[in-house]
Amino acid sequence: MSIRLRVNPITCEAHGLCAELLPERIELDDWGYPIIDGAPVAPELVLHARRAAAACPTLALLIEELPRRR
Amino acid sequence: MSIDGRMLPRLLLGVSPAGTIGLGEHLGLHGELPDPGRGRGGAALIESVERAGLRGRGGAGFPTALKLRAAAAAGGARRRAIVVANGAEGEPASLKDRALTAGAPHLVLDGALVAAEAIGARELIVCLPRSAQASATAMTQAIGERRRDPRRSVATRLELVPDTYLAGQESALVNHLGGGPAIPTLTPPFPTERGIGRRPTLVSNVETLAHLALIARHGSGWFRELGTRAQPGSTLVTLGGDVACPGVYEIAPGSRLEDLLDAAGGALSPIRAFLVGGYSGTWLSSETDVVLSAEQLAPLGATLGAGVIFALAADACPVAESTRIVRWLADESAGQCGPCLHGLEAMATAMEQVAAGEAPPGTGERLSRWQALVAGRGACGHPDGTVRFLRSALGVFAAEFADHAAHGRCADCAQPSSLPFPGGGRRATEKPVLR
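Note that the protein sequences, when read in sequence, are chains A and B.
Quick note on the working numbering: the first sequence kicks off at 50 and runs consecutively.
Quick note on the working numbering: the second sequence kicks off at 25 and runs consecutively.
Just chain A, same shape as in the assembly:
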């Protein structure tokens, strides 16, 4: 199953854990908020991405399951 990341900018409070747990895909802006693109997460990073989402204190990091390609 392929996934992509999305942040809920309303609930995000710039704790920054996501960028520590998934530096390969997430960097922080000048104010500490994550910059996330909507590209699919590479298979080897999926577990780390899920861990980052689970670690977010405000649950603002969202995992979207992408429909499997046929």
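No lab work stands behind these hints, which were simulated from the structure alone.
Treat the hints with caution; some may be incorrect.
Chain A is nowhere near these chain B residues, computed Cβ spacing over 12 Å in every case [said to hold, decoys possible]:
no.: 1; residue: 32
no.: 2; residue: 38
no.: 3; residue: 362
no.: 4; residue: 393
no.: 5; residue: 433
Pulled a few chain B residues facing chain A out of the computed Cβ check, cut under 8 Å [to be verified]:
no.: 6; residue: 210
no.: 7; residue: 361
no.: 8; residue: 397
All C-beta atoms in this analysis are idealised placements derived from N, C-alpha and C, irrespective of residue type, glycine included.
Mind docking chain B on chain A? Use the hints.
Same frame as chain A, now just chain B:
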């Protein structure tokens, strides 16, 4: 006044500053709303709106047929859809929704009833800004006149909403009407899927609904007799600034800005630039030959947006004026999303420093970087709109910004704002001037 005397006005037919068009007069001007018929009435109407190519007139220009279809698909007997007529008009330089609701409230109500029919809604909420007293009076009266209509099947009520920039944003309005604050929520889900009380909610600008009322009467072919391919129909604009007769005009997209200015009695002084769209719109140098259509404005990075056209006099300071707008936009941020809250504040502060000639080295680079950094990172389009405005200001007034950065304030900086701001008194005209 119309620019194309043959076919205009449509929406403003019979509208005058003298008063509101009552139900009897409205029916005399436009005729009865045709009976939608049974069963296929809704689907047929949506098809007609699709052929007409009607796009929302609140600023975003979303195809109305898509919205209607989404709300119709999400609604049902157990989860009745709701129609919201959006006249919140938080755009400070825009008066067209106030003018329309104060002058022709029945046209807006007709359109809302047509939309309700199309999506199976039995509830209509008309939203107006708290400050729009003339509109509220006219709308209350119009809703009252229809209470006597035996065919009335849509429960209608008026809601006055806060006078903030974002109150009219679709999800913010739904949030407010559902008992929350008038600030945006994360979408999707869109209001057409899950809106007020989790019911499918069609939020449509009042001008869009008025067009719908006329499409239902005259058809899509008639609608397309005016306007351009990408922007068919007529459209309301608010012409402001240094012109002889500022006010609300109905134009056909594709007409030239120069013709609109002529209709408004011309400019009162040399014009430096035009702000097109609204406060999250685009400055266009007065040296540009501007045609008011989606097709012609797109290459200039502009859209008609909410229909605002503001003529900035050459003796006003464009740096001071633009900086005030960015500051206002920053202050109007709902403050929910970090990049918007911090980014807009940072950009407004940097511009104030540039305008005062007190910007630290690297400010220009930081401004460019922040623009790229905040765009697309809010729950709503507010940061994107602010960036669009800022980018056009820094581009069109590049020489003036450079001059201020180097030498500080200019002689014109101290002039009072030419642009209106809520509470600043310039929009105090409760009754918009109609042309």
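To see whether the hints hold, each was checked on the structure:
1. 32: The claim holds: residue 32 of chain B sits with its nearest Cβ about 42 Å from chain A, beyond 12 Å.
2. 38: 44 Å, holds
3. 362: 4 Å, violated
4. 393: Per Cβ check, residue 393 of chain B is inside 12 Å of chain A; nearest 8 Å; violated.
5. 433: Answer for residue 433 of chain B: holds, closest chain A Cβ roughly 28 Å.
6. 210: Holds: closest Cβ of chain A sits about 5 Å from residue 210 of chain B, inside 8 Å.
7. 361: 4 Å, holds
8. 397: 5 Å, holds
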